[in-house]
Amino acid sequence: MTDKPISRRQFLCSTAAGLAAFTLSPGPAGAAGSLSGVSVPGAGTPLLRAIPSTGRAVPAVGLGTWITFNVGRDAQAIAGCTEVMRAFFDAGGRVIDSSPMYGSSQMVVGQGLATLDARDRVFSAEKVWTSSGRDGPGQIEETRRFWGVKRFSLMQVHNLLAWQDHLETLFAMKAEGRLDHVGITTSEGRRHDGFEQVMATQPLDSVQVTYNPLDREVEARILPLAADHGQAVIVNRPFRQGALTRRLAGVPLPGWSRELEVSSWAQALLKFILAHPAVTCVIPATTRVDHVRENLAAASGPLPDRALRERIAADVEAAV
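FYI, in mature numbering (1 follows the signal peptide of the UniProt record, and there is no 0) the residues of the sequence shown are -31 to -1, 1 to 289.
Think of the hints as simulated: they come from the structure by calculation, not from any bench. Some clues are possibly wrong.
[As the list claims (entries may be wrong)] Listed next, with one range per pair, are the computed distances between beta-carbon atoms:
hint: 1; residue 1: Asp43; residue 2: Glu137; range: 37 to 43 Å
hint: 2; residue 1: Asp59; residue 2: Glu111; range: 41 to 47 Å
hint: 3; residue 1: Val220; residue 2: Gly107; range: 44 to 50 Å
hint: 4; residue 1: Ile36; residue 2: Gly117; range: 18 to 24 Å
hint: 5; residue 1: Gly224; residue 2: Ala83; range: 43 to 49 Å
C-beta: ideal position from N, C-alpha, C; glycine also.
Just need the whole structure built from these sequences, with the hints factored in.
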């Protein structure tokens, strides 16, 4: 990992080049087994992406906690979540995302970090979620105590709720050195018009949106806007809360799976997302150790080019 910042000019130039190549790439020629439809950023090496504003590099596959870590005080379930976190860290993961909206998830994450002695290994991505700007600081402090961290790597305004007040708080915390990055979130295609306005007018480090082969609205405006403004992009709901992978469970992987070196539809979906040059990190949620290992493995090896991504999307649409 590196905290050495890249300049805004460097990031915009490199991302613009990536977007241009992504848009103009002719894609694979010839038979489906051709390797012309993939790129190999570093075979065998987990993919890292830099947060543009700080240059801080994070693994491209993180861990979400919506629903999966909301297990109350069930000791056995908490232990299971801790094992998921152990496998996540062992596989090179760092970014864990949660929210006050996620029930007991924050407490469960904090217990896992304590058990694994992993507070110095995590990139802590949290959210503020209250309609009262005055209640924001107290909620953030309560969340910090749940996690047991000194400060958060990223604090996001959840679904733009009271965003003006909360961003004022978060920018002040960042200026005081009590927070590393500031962001906003949305999900399931909601609030995109207002979301774009905040992206264009506020000095955000990060935005979080829903993106997968069936939810592609963000490709038109959100992802290019993030690239233009040097904002990291975190992708939520890559599997539509598991609905996509369940629907695809009985469908054989097409021939392009050999090109991408994937063994599951979940890995194919993640590679589809990660191949977009504006995407920084994707945060699938899971309760299973084998699935978290499978997800992290998607950050290694070939990624599809534009044309192969369209084939993946078409196959997913046809199957579901």
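Verification of the supplied hints:
no.	hint	result
1	Asp43 / Glu137: 37 to 43 Å	holds, 38 Å
2	Asp59 / Glu111: 41 to 47 Å	violated, 30 Å
3	Val220 / Gly107: 44 to 50 Å	holds, 48 Å
4	Ile36 / Gly117: 18 to 24 Å	holds, 23 Å
5	Gly224 / Ala83: 43 to 49 Å	holds, 46 Å
Figure legend: structure checked against the earlier numbered hints; the only hint not met is number 2.
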